[in-house]
Structures are given as C-alpha cells and as structure tokens.
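Kindly generate the complete structure, drawing on both the sequences and the hints.
Residue numbers (the working numbering), protein chains in the order written: chain P, 572 to 857; chain L, 15 to 269.
All the given hints hold, so there is nothing to weed out.
Derived lysine to aspartate or glutamate pairs resembling EDC-like cross-links, with alpha carbons at most 16 Å apart:
| no. | chain 1 | residue 1 | chain 2 | residue 2 |
| --- | --- | --- | --- | --- |
| 1 | L | K102 | L | D86 |
| 2 | L | K102 | P | E745 |
| 3 | P | K679 | P | E734 |
| 4 | L | K212 | L | E46 |
| 5 | L | K110 | P | E745 |
| 6 | L | K212 | L | E48 |
It is worth saying that the hints were derived from the structure and are not from the lab. These numbers come from a predicted model, not from an experiment.
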Amino acid sequence: MNLKAETGRDIRRKIYNKLALGMISVLGALAIMPMILIFVYILIEGIPALSLDFFLENPKPLGESGGGMANAIVGTVILVALSCLIGLPVGLGAGIFMAEYSYTKTSKLLRFTSDILTSVPSIIVGLFAYAVVVKPLKAYSAWAGGFALAVIMIPILARTTEEILKLIPHHIREAGLALGIPRWRVTMRIVFAGSFAGILTGIILSVARIAGETAPLLFTAFGNNFGFRGLGQPTASLPVQIYNYALSPYKEWHDQAWAASFILLVMVFIVNLLTRVVFKDQRGES
Amino acid sequence: MSEPKALLKIRDINAWFGDKHVLKGPSLDAYENEVLALIGPSGCGKSTFIRTINRLHEEVPGARVSGTIEFDGENIYDPGVDVVNVRKKIGMVFQKPNPFPGMSIFDNVSAGLRLQGIRRRSKLSEIVESSLKKAALWDEVKDQLNKPGVGLSGGQQQRLCLARTLAVDPPVILMDEPTSALDPISTAKIEELIMELKADYTVVIVTHNMQQAARISNKTAFFLLGEVIEHDKTSRLFTNPSDKRTEEYITGRFG
Ligand SMILES: Nc1ncnc2c1ncn2[C@@H]1O[C@H](COP(=O)(O)OP(=O)(O)OP(=O)(O)O)[C@@H](O)[C@H]1O
Ligand SMILES: [Mg+2]
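Put into structure tokens, the structure is as follows:
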C-alpha cells in the first residue's frame, strides 16, 4: 500500500485542485469588489455632506444655499409604510395560498403571474400606477407611489413566502390536522408561525428592495420640496431626490445627493440589522 | 362482566389515490381497551387504512374513500359530520416524530387544546403535566418546558408527540409504525406506554415488527393487497393462523 501522492496523476490532480480554488477565490473577490467600492465611495462622499440641517430642513429654493432633505426622508418612510400596508397582506396572503393549496389552478395562475410580474421593469410598473391611480385621481400622490411600490413588492414577497412555507414538511401539517385543529389554524398558527423568522426575512428583503426604487416613483409620487402635505399630495422620496439632484448642474446638490445616498444605504442597512436581531430573539426564546 | 364494546366498526372501506385502487373493502372492528395491530407487507395499504379512520386520507390531493366507519355508533363519513370533531376523538401518532417547529415543549403538548380554542393557562398547565406524565416524559423535560420541542432526541420527540395526542384525550389512538425510526430503548419505552394506554384507550397500531405486534396487541389483522386476509386474537394468529397466506407471511416466506 502506498497512500502518498506520488504518481503523476495524483500530482496533476493536486495542481488542478489548487488552480480551480485560486480561480474561484479571484472570481469571488471580483464579485464582492463592487459592493465594497460602492460602500466606501458613498461613505467618503456622503459623510462630509451630512449636517443636522440635512435631516431637519426641506430643500431651499434654487439659488439659496443650505437646506436639507427632511421631505425626502419622511416621504420615503411614508411611501414604504403605505406599500407595506397594501403589499404585506396581499403578498403574504398569496404566498400562503400558493404554499397551502399548491395544486389548485388558482395557485398555478398566481405563481405564473408572480413570476411575470417580478420580471417586469419597474418603470413599467410606474406607468401602470400612473394609469390606474394618478390619472383617475388627477394628481400625483403618496397613494400612487405606495401602490406602485406595492406592485413591485407583492410578487417578490408572495414567492419568497411560498418557498419558506414549503420548507415546513407536509407531515407537520398532517400532525396539526390529526389533533383536530381546523385547517386555517394549522396554516396560520403552526405553518406560518413556525416559519416566522424566515417570513420576516422575506418581508425585510422586499422592503429593502422597494426602498431604493426610483423609476416607479417618478410619475406617481413625483416629489415635492416642501415636505409632507397628505397622502393625496405629491410626495418626495430619497431615490427620486437623489436622481433629481444628481442630474442637476450644482455642486451643492451633488453633495446632498451623496448624503442622501448614504442615508438610504443606512436605512436599508438598519432594516437588515433589525431582522437579524428579531431573528435571534425568536430563536433564543423558543 | 359486561361485553366489550366495539368502538370502531369499519365496513367495506375502499380508498383510491387518483385512479389507483389501494384499499379493496376491508372491514374490521376495534374494541374498547384493546390494542389492534395491523401487519402486512410493504405497500399493502396499512397506512392508507388507518388514515381513513381519522379522515386524513382525503387530505391528499386526488384521494377518495368509500365505505363506513362507525365510531361509537356514528358514521364518521356521514355528510353532516365535521372532520375536526372526528379528529378530536381519533388521534394519531406518526412514523416520524414531528414536533411543531418553533414551539416549546409546553406549546407542543398544549397545541391541540390551544388551537381548538382553550385558553385558560392553569387548565393547560395541568393537562400538559398529566399528558407528559402519561407519556413518561415528564421527569426528563419538567425543567425545560420552554425549550424547543425539536431540540429533544428522536425517542423523546416521539413521546412528546404521544403526549400531544394524549392532551386532546381521544378515545382512539392510531399509530403508524411509531417506533420504526427509534432506537431499541426508546422502542421499548413506547411499547410499554402502549400497553398502559390500553386501560383507557383503543389503540390501532401499524407495525412491521411482528415481535412487537405479538408483545403488545390483543388482536392482529393481516393485510395483503388492500384487503384484510385474517383478523384474530394475536396469540391465535401468530401460533395457529387459519389462512395459508398469513402463515407464509408470519413465517417470513414473503413480504
Ligand atoms: N400519496 C400517494 N399517492 C399515490 N399512491 C400512493 C400514495 N401513498 C401511497 N400510495 C400507494 O398506495 C399503496 C398503499 O400504500 P400504503 O402507504 O398504505 O402502504 P403500507 O402498507 O403502509 O406500506 P408500508 O408498510 O411500506 O408503510 C401503495 O401501493 C402506495 O404506492
Ligand atoms: Mg405505511
């Protein structure tokens, strides 16, 4: 017996192994590089532009210096809250339905439309919201923006919810039914509650996704420079404000756009962090 | 002495998965305070059969049942019957231990009651304790009722599932190979429990282990290709079977 790597084949295999590993490492590094670069760049450009005014002031009229993006920060929170109000029940409901009544025609249809809807460009979702909300109400509004974001959120949330609920094995559902628990309670209190941590992650991811959307808000929520004036009024948002400021020719606005990018990133980051905390809590106590 | 009462009268059960005709009219009685063992080769329909007794079979998409099962004089397949009420009376322990994920030991055992709408904490605590004691798990878990049920060992999980079923207090308990995923010591514990349960419950148990059937059951039914070939006192069926096919099976010549 000789177990040492001595033959030509053994050595060749080792070399290939090293080569493959090396290549994968390089590719992996390339993949994370943009993320790190974006982060660092936004930190460098964004932090110096931050000030208390940035959070507390609305934009100043053209020509005056100073001002902030309080309008956009509040607007984004409102838009995300609105889209959750519409999107969470519908998205979660559709996901639960697809998971629990998997073989029905309705489920197949839901799955098909969700998949199509996920791949529709977000600007088209914006156009759709324009046609069904803005035009009939004859106004840009937070409602329209929230609706557009919800349309983006729903299929993502529905599909992730479905996948997560399907991780609960079928025999767990049967065990619930066999105890004389009504079907919908088995669904809600055993299957849904049992995958709560996963569901929450799905919700957070979809919120993080829509929080940064620009295109669907351009002609729905539109934007304003004076702060929140009601759900039926044009509403500012960070992405749209960044978009407008970045396209402007003014250095000061560019700086504010960087600051806004930084804040948007931090908001998404905090939301992500929150899931982790909740996730840990849930695992810890149960 | 009063006559033993037939708690379950199962008549002419036919069951299908889609077009596949799996049960071809078996009939059986199960008496109070009796352990009835179902044996037979793999795929002969034992699981399907006991799943018709708590109406779980019909939950499978495309599955169908015909025939009657009288529980305490009432046909559970009557159109007006609510399956939820059937399952409260006829409990089930599965082959694989399946505690509810994300629920503590306490919540697992009380799940049936809680989700049927019973809220009173003192009542729940009382039933959780007595059920865990009946399932011989209390001493092992009494200090960790808030820990997750899925954190227990396989054998403990199966006793947890038994406790969960007992908490609802169904007169009939169905068991589908409850020990086939367990080690010998856990198996012995569960067998001991089943023999104790006989005092208060009717137990219908599917098993592939003929020694187990011989040890714990009063009656045994031998299934073959969706039919009951022979149903008799366990002692007689194993020592002096009246059907040639039963004899061949229990002597290990096929299956
Ligand atoms: N979900 C299903 N869909 C279609 N056919 C099924 C399904 N479940 C079981 N069957 C078929 O029904 C027949 C009886 O199955 P069943 O599980 O009742 O047998 P069993 O006696 O319990 O077998 P085992 O001893 O292996 O558990 C088998 O032929 C099986 O292939
Ligand atoms: Mg089986």
